[in-house]
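Full structure from sequences and hints, please.
There are 2 protein chains.
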Amino acid sequence: MFEVKETDLAGRIGRLRTKGGTLETPALLPVIHPYRQEVEAGLVKELGFEAVMTNAYLAYKHYGPELLEKGIHKAIGFDGVVMTDSGGYQVLEYGDIDITPEEVVRIEEGMGSDLAVLLDRPTGLTRDRAEAEWTVSETIGLAKRSLKVIRRRDIVWVAPVQGGVFEDLVKLSAREALDLGFEMLALGSPTEVMESYRFDMLVRMVMAAKSVSPFGPFHLFGAGHPLTIPLAVAMGCDTFDSASYILYAKDGRYMTDWGTVRLEELNYLPCSCPVCSKGLEELMEMDEEERVRNLAIHNLYVLKKEVEATKEALSEGRLWEYLMLKARAHPRLYQAVKLLSDYVDMLEDGTPSFKPRALFFFDELDYGRPEVVRHRRRLNWMRKREKLILALGTGERPFYGSKVHREILKALGDRAGEFQISFILPPFGVVPVEVSDVYPLSQNEAPEGYLEETAKLLIPSIREYVESGGFSKVLVLDTGSGGEFLSAISSALKAELVDLKGLAQA
Amino acid sequence: MFEVKETDLAGRIGRLRTKGGTLETPALLPVIHPYRQEVEAGLVKELGFEAVMTNAYLAYKHYGPELLEKGIHKAIGFDGVVMTDSGGYQVLEYGDIDITPEEVVRIEEGMGSDLAVLLDRPTGLTRDRAEAEWTVSETIGLAKRSLKVIRRRDIVWVAPVQGGVFEDLVKLSAREALDLGFEMLALGSPTEVMESYRFDMLVRMVMAAKSVSPFGPFHLFGAGHPLTIPLAVAMGCDTFDSASYILYAKDGRYMTDWGTVRLEELNYLPCSCPVCSKGLEELMEMDEEERVRNLAIHNLYVLKKEVEATKEALSEGRLWEYLMLKARAHPRLYQAVKLLSDYVDMLEDGTPSFKPRALFFFDELDYGRPEVVRHRRRLNWMRKREKLILALGTGERPFYGSKVHREILKALGDRAGEFQISFILPPFGVVPVEVSDVYPLSQNEAPEGYLEETAKLLIPSIREYVESGGFSKVLVLDTGSGGEFLSAISSALKAELVDLKGLAQA
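Going down the list, the sequences are from chains A and B.
For the first sequence, position 99 matches number 99 in my numbering, and the numbering has no gaps at all.
For the second sequence, position 171 matches number 171 in my numbering, and the numbering has no gaps at all.
Certain hints may be false.
Copies of one chain are not kept apart here, so a pair can be met inside one copy or by any two copies together.
[Unchecked claim] Using 35 Å as the maximum straight-line C-alpha spacing, the simulated DSBU-like pairs for lysine-lysine come out as follows:
#1 K61 / K171
#2 K5 / K250
#3 K410 / K61
#4 K338 / K456
#5 K456 / K494
Derived by calculation from the structure, the hints in this document are not laboratory data.
In structure tokens, the structure reads:
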């Protein structure tokens, strides 16, 4: 049902097979109102969206039993993959609704949804643990009841995961859903989290669920903001739905690559979509209804572009770089992406060992990058010799073939075999010369001054390498540059600082 | 001739009046070949470019004397502002050309250029100082000869500035041009700098020229890369020309917001322009000529979007934030934008004292932001009292009305008048409570942990404030949080760490 083609961080490009067609993921599913469409479903398809989300409950309430004959695709006018939500969100918004989980299954089967979400009991953002526990146990109960009446196996059934801000409850909810046999999960309730820019909470919630369900397809409810898309993808969300394009449009908000701006506050249109080529003046002069429609179409263009840009970054193996760059659009997002380093094990799995391009490093954030953490871990497996020589890495790569390496070998002469020669390279820490041509140790670029500016993170990792190595002697080589840093290092290691001449006599 | 409407950093939105129309700046002028146009000039105009650059020398060589009757606008088919380059760049590329500065003036006047660049002698990237000096003195000599024969005063004459990587020569060249009475300057030779991603060199060259000519309109030759546009604008370049859209297209390179990718290496099209809506497959299947044309049009869309996004950021007062975000696309750009802090005086002039939105802070880069440096300088003018109390700033803004301020006043009682109460707030340093509601001291947002993570830059600025204040007593208030940081501060200042109870007795 779900096949992964490429990965980077915890993100993946995959193919999700449904009876309505195969959907390439990650995919954003615009939310389509079942009968009141400001942007008609056909146009949404033309804009490049292969799948949409609509509401089974509202559709059935409106169309009645004839929907079951007509089918949801014809009813909403979308010739592609249709995912239906159960109506659980309406419970959160309007209190109880008069529908049972059995009825939801019956109408979703009847209307022929391609992906169908079970009825659930959303947790929302409550801080009341007892209440959250109740919604999780209710959601599990509803899933069990749903399971009993499911007949159509050609539909991808999606089990909602609840628990809100309680990570252990999110994990419990996800585990129970998997145990019931559901392959695709959907994390509920993050809409409010995202509306309040609590991206850190979003990271914790998603990573809790993904820690339980790292492999199967994973849906995130309501991630339709240009800043949440790369974050959601990097965490391994495969599909996400959002009504943001139309909700923002109705509120007069124009999406950009970095967020939203009120249309009347804009002076320029930073976009090349057909709507924006009409110009700001024409947009402002439209009547309300036409402007909302045009804004919504523009917003869809921005979202589509963001999904494609994220997929391209993933496919080029620079999803980390892209995400860190987007993070500088808002301090809350910046704070959230820093949290990703806490989940580096989960990110490392998907990060390829080889990429067709050099890694770019910029600042301290990059010390938490999976490739860097992976290198440090690998260091422990490497054979170490009796004595250690540490030298500053230079621009000559690989270090194996560098001038300074040749000079060290020459100075050591017959004693070269006694020494482990290793180079210092931020943010990796220590690079033993034997592996210095292994990707990405020679394929990376950082700004000048990176060593000095991130020394406080670099020194501890060097110390750890030296201490775990149990060398009988540690020499720090002074070749004339990086004096201040080398002094700091040799004093931190209580190691002797020697020049090439000193090395010959050491 | 040139009117500035809005400013941010050293950048400005302005109106440049020419006989061919008023041009809103900053503006990118696509380079149009005088008679071989892969993308016809009319379409360039339709894409939203109000002005183009073409080559007077090549145009005249091709069309001959009839060009002087027809006029350059008709000849190239562009109904807008036409800037003509003199041919100086051809000297650099092909050696001497057989044209005199007098002839260049004559043909530019004859063909009716709206903006006309004088003949010059480009320095290029030579490291040979004597050679660079020679090109500068030649360029000045050519400008003097040009000046003598200029008759048409309705043309904006643009004086080239040379000097290459020698900043003093760039300054000399700019000063001489201004002394001759030219109002608009154009910095030559950065194309090679940009092609080799030496953005740091670009910063030094532009800022050298701008230090001499901060007010008049300023042209930068060849800045047509999505990463150089915001940088050029932030430094105060008003116009820039580039043939990159077509040169890259001929080389099969597709522009993105972050750089360029070879078309055959792309998997997705991160763009919403009409070309990209055709899809990658259709682009790949086109014949060479059609593909080059389509790529070139796409590249123009990307460049246009970048100019608009930069102008929008400038107009919202977040050009700094936008530039720092773009800087994370390439380590060389990151390195270059850091250099901007060396020119903070030049950036501060244009940075408004009030902006309609909160400032966003992220990391150490923001310690060099003009608003931050400005605040630190203003601190020196403020009246100081005999004794100082330093407290950690909290989320309650302004500090004036915060709980901790009320508690301090209560603890001090009658002695409040003796104390200067100041709050610690990164990246500003110290905020005296009296000015704590002055923009942007209450209007800013930073990620959690910003104080601890940038402490090494924060502590020296606090120390400077304390030392220059000559206080008879300095107390650091411990309200229970930020313990480690407060200990570091009190020991750096040799100040007493007290709690509220201690304050009542102090």
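How the hints compare with the structure:
1. K61 / K171: Intra 33 Å, inter 75 Å, cutoff 35 Å: intra-copy only.
2. K5 / K250: between (38 Å within a copy, 32 Å between copies)
3. K410 / K61: neither (84 Å within a copy, 63 Å between copies)
4. K338 / K456: both (17 Å within a copy, 19 Å between copies)
5. K456 / K494: This pair counts as both: shortest intra-copy Cα distance 17 Å, inter-copy 24 Å.
In this structure, only the earlier hint numbered 3 is contradicted, and the remaining ones agree with it.
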